[in-house]
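**Student:** Below, each chain spelled out in residue letters.
There are 2 protein chains.
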Amino acid sequence: MKAEILAIGSELLTPLRSDSNAAYLTDRLLEAGVETIARITVADDPALLESAFRAALGRADLVVATGGLGPTADDLTREAAAGALGRRLRRDETIVAALRQRFASFGRVMSPVNEKQGDLIEGAVVVPNPRGTAPGQWIEVEGRVLVLLPGPPKEMAPMFERHVLPRVQERTAGAVLRTRVLRIAAMPESEVEQVVGPVYTAFENPRTTILGAPGQVELHLTARGATSTEAEERIERLAARLREALPGRIYSEDGRDLSEVVAELLTARRLKIALAESCTGGLLAARLSSVPGASEFLERGFVTYSNRSKSELLGVPPELVQAGGAVSEEVARAMAEGARRAAGVDVGVGITGIAGPGGGSAEKPVGLVYVALAGAAGDAVRRRQFPGDRERVRQQAVQVALEMLRRGLMGLDEATT
Amino acid sequence: MKAEILAIGSELLTPLRSDSNAAYLTDRLLEAGVETIARITVADDPALLESAFRAALGRADLVVATGGLGPTADDLTREAAAGALGRRLRRDETIVAALRQRFASFGRVMSPVNEKQGDLIEGAVVVPNPRGTAPGQWIEVEGRVLVLLPGPPKEMAPMFERHVLPRVQERTAGAVLRTRVLRIAAMPESEVEQVVGPVYTAFENPRTTILGAPGQVELHLTARGATSTEAEERIERLAARLREALPGRIYSEDGRDLSEVVAELLTARRLKIALAESCTGGLLAARLSSVPGASEFLERGFVTYSNRSKSELLGVPPELVQAGGAVSEEVARAMAEGARRAAGVDVGVGITGIAGPGGGSAEKPVGLVYVALAGAAGDAVRRRQFPGDRERVRQQAVQVALEMLRRGLMGLDEATT
Numbered sequence: 001m002k003a004e005i006l007a008i009g010s011e012l013l014t015p016l017r018s019d020s021n022a023a024y025l026t027d028r029l030l031e032a033g034v035e036t037i038a039r040i041t042v043a044d045d046p047a048l049l050e051s052a053f054r055a056a057l058g059r060a061d062l063v064v065a066t067g068g069l070g071p072t073a074d075d076l077t078r079e080a081a082a083g084a085l086g087r088r089l090r091r092d093e094t095i096v097a098a099l100r101q102r103f104a105s106f107g108r109v110m111s112p113v114n115e116k117q118g119d120l121i122e123g124a125v126v127v128p129n130p131r132g133t134a135p136g137q138w139i140e141v142e143g144r145v146l147v148l149l150p151g152p153p154k155e156m157a158p159m160f161e162r163h164v165l166p167r168v169q170e171r172t173a174g175a176v177l178r179t180r181v182l183r184i185a186a187m188p189e190s191e192v193e194q195v196v197g198p199v200y201t202a203f204e205n206p207r208t209t210i211l212g213a214p215g216q217v218e219l220h221l222t223a224r225g226a227t228s229t230e231a232e233e234r235i236e237r238l239a240a241r242l243r244e245a246l247p248g249r250i251y252s253e254d255g256r257d258l259s260e261v262v263a264e265l266l267t268a269r270r271l272k273i274a275l276a277e278s279c280t281g282g283l284l285a286a287r288l289s290s291v292p293g294a295s296e297f298l299e300r301g302f303v304t305y306s307n308r309s310k311s312e313l314l315g316v317p318p319e320l321v322q323a324g325g326a327v328s329e330e331v332a333r334a335m336a337e338g339a340r341r342a343a344g345v346d347v348g349v350g351i352t353g354i355a356g357p358g359g360g361s362a363e364k365p366v367g368l369v370y371v372a373l374a375g376a377a378g379d380a381v382r383r384r385q386f387p388g389d390r391e392r393v394r395q396q397a398v399q400v401a402l403e404m405l406r407r408g409l410m411g412l413d414e415a416t417t
Numbered sequence: 001m002k003a004e005i006l007a008i009g010s011e012l013l014t015p016l017r018s019d020s021n022a023a024y025l026t027d028r029l030l031e032a033g034v035e036t037i038a039r040i041t042v043a044d045d046p047a048l049l050e051s052a053f054r055a056a057l058g059r060a061d062l063v064v065a066t067g068g069l070g071p072t073a074d075d076l077t078r079e080a081a082a083g084a085l086g087r088r089l090r091r092d093e094t095i096v097a098a099l100r101q102r103f104a105s106f107g108r109v110m111s112p113v114n115e116k117q118g119d120l121i122e123g124a125v126v127v128p129n130p131r132g133t134a135p136g137q138w139i140e141v142e143g144r145v146l147v148l149l150p151g152p153p154k155e156m157a158p159m160f161e162r163h164v165l166p167r168v169q170e171r172t173a174g175a176v177l178r179t180r181v182l183r184i185a186a187m188p189e190s191e192v193e194q195v196v197g198p199v200y201t202a203f204e205n206p207r208t209t210i211l212g213a214p215g216q217v218e219l220h221l222t223a224r225g226a227t228s229t230e231a232e233e234r235i236e237r238l239a240a241r242l243r244e245a246l247p248g249r250i251y252s253e254d255g256r257d258l259s260e261v262v263a264e265l266l267t268a269r270r271l272k273i274a275l276a277e278s279c280t281g282g283l284l285a286a287r288l289s290s291v292p293g294a295s296e297f298l299e300r301g302f303v304t305y306s307n308r309s310k311s312e313l314l315g316v317p318p319e320l321v322q323a324g325g326a327v328s329e330e331v332a333r334a335m336a337e338g339a340r341r342a343a344g345v346d347v348g349v350g351i352t353g354i355a356g357p358g359g360g361s362a363e364k365p366v367g368l369v370y371v372a373l374a375g376a377a378g379d380a381v382r383r384r385q386f387p388g389d390r391e392r393v394r395q396q397a398v399q400v401a402l403e404m405l406r407r408g409l410m411g412l413d414e415a416t417t
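First to last, the sequence lines map onto chains H and Y. Residue numbering for the first sequence follows my numbering, starting at 1 and increasing by one per position. Residue numbering for the second sequence follows my numbering, starting at 1 and increasing by one per position.
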């Protein structure tokens, strides 16, 4: 079963507002085994709305529309949906009477414009709305389902939970969806694709999508099954193959960020760390300290932007900088070891490079970065030439440092980092 | 001129991810006088994508699609758009050669899967992508325009600003729109609204929208005029009134970030700065070092997460921490002065606080932060109680530090910060 969600209302297309219903519905439907294939936000225009309903009913088994069920002139959902289905609207006097009574209970007289909230599409089943005036509608058409719900989340959500979701679950008769995200750091997207492409394209279920960010690639797996156990097993089968294809490279399958994984490794091993950053300027410290409880493992960080600070704080010999420049393997090593020693901790990290846009040369171009580890996570240094602008270079450098730490702490083969 | 925006990618329909491009594009198009009538997010499915393109081209004058231009098997935008238009794809060898060169410049060999990124729809004009491998495409069809852009916002936004928006503006001809963004730091959105609301609501042209982020408020002014001079004058008239209403608080009207403004002030005054951060853990250093040329003014930064590092590196007396805890006015002052003195520079900054989620108490709740300045930007300390989670607290603290620096360096009345 595939769903499409329509959010109706011109106000949802202004910069200040956004629609939270669609994300909520996507989430709840997925848990019920229904995949959302499209989500559309449409302005209050009759022709536009009708075309959106027609397109949605042409491709999805379940169409859920929110909004546009109010009493005003720009509440056009009922008319547009009826038009798309080629059905008529019929005023339900029972609903109108109930609305009138609702107004009376607040000591108010219902205005005639509210009467149109009693208009039902032929064949519709009413979805009661205990929290508002606009009732919802459930319409079945040739095996497909169209659901109309009001826009306010406080009205929509309980109606969906109580009356829509149970009927959807009956129809999916047990089919369940499960998703998992596999994360890989410090490996280019095209390289990951080349390795895993032949693996995941052999599977129709789960379906896999690849997402890249600076220094990170995510594999999103979505499996369908008759039971949650079956769906989980299907995911695990592919995940196991992907783990084999990328030995030791998948750092998280449960939503954790790389900084959290490294934080947990350091905490579990009761190791303290000190950081020495030049071109990343505190970005690695900021990433590691974003993890709650960072004071357990992060002893201190040095942002040694000047050459003087590198020698004063980290003991990097000035001759080393004079001889080979501040961006070199030797300086990165001396920074890592210097940070470790100055702080009196177990692990030191050193990062030095040219983030750009200035400062590059033929020999040392923008994007050249050295990352070094010293101490209990191993002694190692990596040279990388990163693409992209200043921010991307810095972010990729941080990802490489975190991945070196992870591999070092886990005792994985450093050479493949 | 009416627009429809397509966000392409199955991952955008999972609970974990959301699409920020559509809101950005809606905003920018509106400023250019183009109304967005529909916004759709579509899964990576060829038939679905083609139907979405066909529907959009049937109702909008301008269709902007983001995503699905990568090299992998589920990057289907090119094929689907070509199908909807009834046009062919043609491999552009110039693009492929440029891609190959791009890979070579990073010392890597391009994988064959990347070649399809050189596929152009017949009649397409290439939209260059300086930050990534996927070029965009601009296609005109019977008076309508279809634009294909990559999904990553860092690639998409500059391409849109530089190559798409100017062409859209040519087409909206006649009426000219001009926009300006006024930025205010370290002042709650509701306070800004209270002060400026009565001012801007008196103006129909320019139109003003307010956007808030942690520690920052933006006023977006959009004016319409027969000429650009008229539109500029209208904007300046309102901007002048807003400057009066918020004396000294608007830090930028030309797109500069607060860190850039502070960087320019420090550079112009030839002042060197040193930072001492506890709860912000390097975030202030990362912000200031994100500005190109930061080595001109940033001498060093200390991330003094442990109490030991506060005393060893900054000379904060251990008694001070023992007496009043690490989060106090006195410790913040001692950190700022200690950083300045240890580095032998003109300006020092100290930040200490409780970012949460743990570590709070009745007396010192989560969100309590002290920020101190020492030296050539003045000696000052501010106590703030920030709302929000760990990341929001940290970001707000950084904004307060930067705004204190800006006001101190400009000699503005510190008391109002």
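No wet-lab data here; the hints were simulated from the structure. Just so you know, these numbers come straight off a predicted model, no measurement behind them. Heads up, some of the hints might be wrong.
Put simply, identical chains are the same to the list, so a pair is met inside one copy or across any two.
With a cut-off of at most 30 angstroms between alpha-carbon atoms, the simulated DSS-like pairs for lysine-lysine come out as follows [unchecked claim]:
1. K364 <-> K2
2. K116 <-> K272
3. K2 <-> K272
4. K272 <-> K364
5. K154 <-> K364
6. K116 <-> K154
**Student:** Hint by hint, note whether the structure agrees.
**Tutor:** Hints versus structure:
For the homomeric pair K364 and K2, neither the shortest alpha-carbon distance inside one copy (53 angstroms) nor that between copies (49 angstroms) is at most 30 angstroms. Proximity of K116 and K272 under a CA criterion of 30 angstroms is satisfied in neither setting, with 49 angstroms inside one chain copy and 47 angstroms between copies. In this assembly of identical chains, the alpha carbons of K2 and K272 never lie at most 30 angstroms apart, being 50 angstroms within a copy and 57 angstroms across copies at closest. Taking the closest pair of Cα atoms, K272 and K364 come within 30 angstroms of each other only across two copies (26 angstroms); inside a single copy the shortest separation is 33 angstroms, beyond that limit.
Within a single copy, K154 and K364 get their C-alpha atoms only as close as 39 angstroms, which misses the 30 angstroms cut-off; across copies the closest is 25 angstroms, which meets it. Taking CA atoms no more than 30 angstroms apart as the test, K116 paired with K154 passes inside one copy only; the shortest distance there is 22 angstroms, against 47 angstroms between copies.
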